[in-house]
Amino acid sequence: AQSVAQPEDQVNVAEGNPLTVKCTYSVSGNPYLFWYVQYPNRGLQFLLKYITGDNLVKGSYGFEAEFNKSQTSFHLKKPSALVSDSALYFCAVRPRLGNQGGKLIFGQGTELSVKP
Amino acid sequence: EAGVVQSPRYKIIEKKQPVAFWCNPISGHNTLYWYLQNLGQGPELLIRYENEEAVDDSQLPKDRFSAERLKGVDSTLKIQPAELGDSAVYLCASSLGDRGTEAFFGQGTRLTVV
Chain A
1 AQSVAQPEDQ
11 VNVAEGNPLT
21 VKCTYSVSGN
31 PYLFWYVQYP
41 NRGLQFLLKY
51 ITGDNLVKGS
61 YGFEAEFNKS
71 QTSFHLKKPS
81 ALVSDSALYF
91 CAVRPRLGNQ
101 GGKLIFGQGT
111 ELSVKP
Chain B
117 EAGVVQSPRY
127 KIIEKKQPVA
137 FWCNPISGHN
147 TLYWYLQNLG
157 QGPELLIRYE
167 NEEAVDDSQL
177 PKDRFSAERL
187 KGVDSTLKIQ
197 PAELGDSAVY
207 LCASSLGDRG
217 TEAFFGQGTR
227 LTVV
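Protein chains in written order, with this note's numbering: chain A, 1 to 116; chain B, 117 to 230.
No wet-lab data here; the hints were simulated from the structure. Watch out, some of these pointers could steer you wrong.
Stated by the list, open to error - Computed list of chain B residues with no C-beta within reach of chain A, every gap over 10 Å:
{"hint": "1", "residue": "S123"}
{"hint": "2", "residue": "P124"}
{"hint": "3", "residue": "E130"}
{"hint": "4", "residue": "S143"}
{"hint": "5", "residue": "A170"}
{"hint": "6", "residue": "P177"}
{"hint": "7", "residue": "D179"}
{"hint": "8", "residue": "R180"}
{"hint": "9", "residue": "F181"}
{"hint": "10", "residue": "G201"}
{"hint": "11", "residue": "S203"}
{"hint": "12", "residue": "G216"}
{"hint": "13", "residue": "V230"}
Said to hold, decoys possible - In silico SDA-like links for lysine to any residue, alpha-carbon gap of 25 Å or less:
{"hint": "14", "chain 1": "B", "residue 1": "K132", "chain 2": "B", "residue 2": "D202"}
{"hint": "15", "chain 1": "B", "residue 1": "K194", "chain 2": "A", "residue 2": "K77"}
{"hint": "16", "chain 1": "A", "residue 1": "K115", "chain 2": "B", "residue 2": "G156"}
{"hint": "17", "chain 1": "A", "residue 1": "K115", "chain 2": "A", "residue 2": "K69"}
{"hint": "18", "chain 1": "A", "residue 1": "K22", "chain 2": "B", "residue 2": "N154"}
{"hint": "19", "chain 1": "A", "residue 1": "K58", "chain 2": "B", "residue 2": "G213"}
{"hint": "20", "chain 1": "A", "residue 1": "K22", "chain 2": "B", "residue 2": "L161"}
{"hint": "21", "chain 1": "A", "residue 1": "K69", "chain 2": "B", "residue 2": "R215"}
{"hint": "22", "chain 1": "A", "residue 1": "K49", "chain 2": "B", "residue 2": "L161"}
{"hint": "23", "chain 1": "B", "residue 1": "K127", "chain 2": "B", "residue 2": "L152"}
{"hint": "24", "chain 1": "A", "residue 1": "K22", "chain 2": "B", "residue 2": "D202"}
{"hint": "25", "chain 1": "A", "residue 1": "K77", "chain 2": "B", "residue 2": "T217"}
{"hint": "26", "chain 1": "B", "residue 1": "K131", "chain 2": "B", "residue 2": "L200"}
{"hint": "27", "chain 1": "A", "residue 1": "K77", "chain 2": "A", "residue 2": "S26"}
{"hint": "28", "chain 1": "B", "residue 1": "K127", "chain 2": "A", "residue 2": "N41"}
Yeah, the Cβ is synthetic: ideal placement off N, Cα and C, and Gly gets one too.
So here's chain A without its partners, still in its complex pose (with noise of 0.2 Å):
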């Protein structure tokens, strides 16, 4: 079955240090992969996503994510955490091909908490 992990329930990280939330993914042939970050009683907002290309693609507010093919990860890295960064993040996936194609699969998200 086509599957997203989230290992992390939650992450802390101090302000002004470095943050990742991990995510790895079971989907059969070279996938869309995407970021996406939930603030409270909101919608999902887009933060990025990988097609094609480089392995490391940049984002919205400073995040940035490491695709590595052989280990199916697509990690969510930022250099410096805000305390504004906290949040709910979920990394999702789209088949490229067959009949699943086009079906956005999503983890089970990652409470990501900043502290001053």
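Got chain A; can you put chain B on it based on the hints?
This is chain B only, laid out in the frame that chain A set:
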């Protein structure tokens, strides 16, 4: 340009009553999704439309849930009758047909069944 618009934002109903949610996607987006999100969890797909055609409704509980997207634009999701376990946030999203494009989400409808 307006984003994905959902209404209502909040709905409280008694169990066994019907309820309907409405979604207006971003103009020009031919793919529309309805997701269910339980508190602190990832969204789970209920149904996906390509234009007016439901291309993936395998996760939709068809005994009580129904959806439509007439004319391939806005969409409604209905539950009849609602159960206590249906309490959740219902998210609508839309995207262009190109699978490499991101989906844009509405703010969701928080349903509470009492």
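Now the hints, each set against the structure:
1. Remark: the non-interface label on B/S123 is consistent with the geometry, its nearest Cβ contact in chain A lying 13 Å away (cut-off 10 Å).
2. A cut-off of 10 Å between C-beta atoms confirms that B/P124 is not in contact with chain A; the least separation is 14 Å.
3. The beta carbon of B/E130 sits about 23 Å from the closest Cβ of chain A, which is more than 10 Å, so the claim that it is off the interface holds.
4. Chain A leaves B/S143 outside its interface by the beta-carbon criterion, the shortest separation being 17 Å against a cut-off of 10 Å.
5. Consistency note on B/A170: stated as away from chain A, and its beta-carbon is indeed over 10 Å from all of that chain's, at 12 Å minimum.
6. Taking the minimum C-beta to C-beta distance to chain A, about 18 Å, the non-interface status of B/P177 holds against the 10 Å cut.
7. No beta-carbon of chain A is positioned within 10 Å of the beta-carbon of B/D179; the least distance is around 22 Å.
8. Distance to chain A confirms B/R180 as a non-interface residue, since its nearest Cβ pair spans about 22 Å, more than 10 Å.
9. Every CB of chain A lies more than 10 Å from the CB of B/F181, the least distance being 18 Å, so the non-interface label holds.
10. Listed as outside the interface, B/G201 is consistent with that label: its C-beta sits roughly 19 Å from the nearest C-beta of chain A, beyond the 10 Å cut-off.
11. Distance check for B/S203 against chain A: the nearest CB is about 15 Å away, which clears 10 Å, and the non-interface claim stands.
12. With a least CB separation of 5 Å from chain A, B/G216 falls inside the 10 Å interface cut-off, contrary to its annotation.
13. Chain A leaves B/V230 outside its interface by the beta-carbon criterion, the shortest separation being 20 Å against a cut-off of 10 Å.
14. Note on B/K132 and B/D202: the hinted pairing holds, with a Cα-Cα distance of about 11 Å set against a maximum of 25 Å.
15. Pair hint B/K194 plus A/K77 does not hold up; C-alpha atoms about 39 Å apart against a cutoff of 25 Å.
16. As the CA atoms of A/K115 and B/G156 are separated by approximately 20 Å, the hinted pair is consistent with the 25 Å bound.
17. The suggested pairing of A/K115 with A/K69 is violated, with an alpha-carbon distance near 33 Å, which exceeds 25 Å.
18. The suggested pairing of A/K22 with B/N154 holds, with an alpha-carbon distance near 21 Å, which does not exceed 25 Å.
19. Proximity of A/K58 to B/G213 is assessed by CA-CA distance (about 23 Å); at most 25 Å being required, the pair is judged to hold.
20. With a C-alpha separation of about 22 Å, the suggested pairing of A/K22 with B/L161 holds against the 25 Å cut-off.
21. Note on A/K69 and B/R215: the hinted pairing holds, with a Cα-Cα distance of about 19 Å set against a maximum of 25 Å.
22. Proposed proximity of A/K49 and B/L161 is supported: the alpha carbons are some 19 Å apart, at most 25 Å.
23. With a C-alpha separation of about 15 Å, the suggested pair B/K127 and B/L152 falls inside the 25 Å cut-off, and the hint holds.
24. Taking the CA atoms of A/K22 and B/D202, the gap is about 30 Å. The hint is violated against a cut of 25 Å.
25. Taking the CA atoms of A/K77 and B/T217, the gap is about 21 Å. The hint holds against a cut of 25 Å.
26. Distance hint between B/K131 and B/L200 is fulfilled; the C-alpha atoms sit about 6 Å from each other, no more than 25 Å.
27. A hinted pair counts as satisfied when its Cα atoms are at most 25 Å apart, and A/K77 with A/S26 qualifies at roughly 21 Å.
28. At most 25 Å may separate the alpha-carbon atoms for a hinted pair to count; B/K127 and A/N41 meet this at roughly 14 Å.
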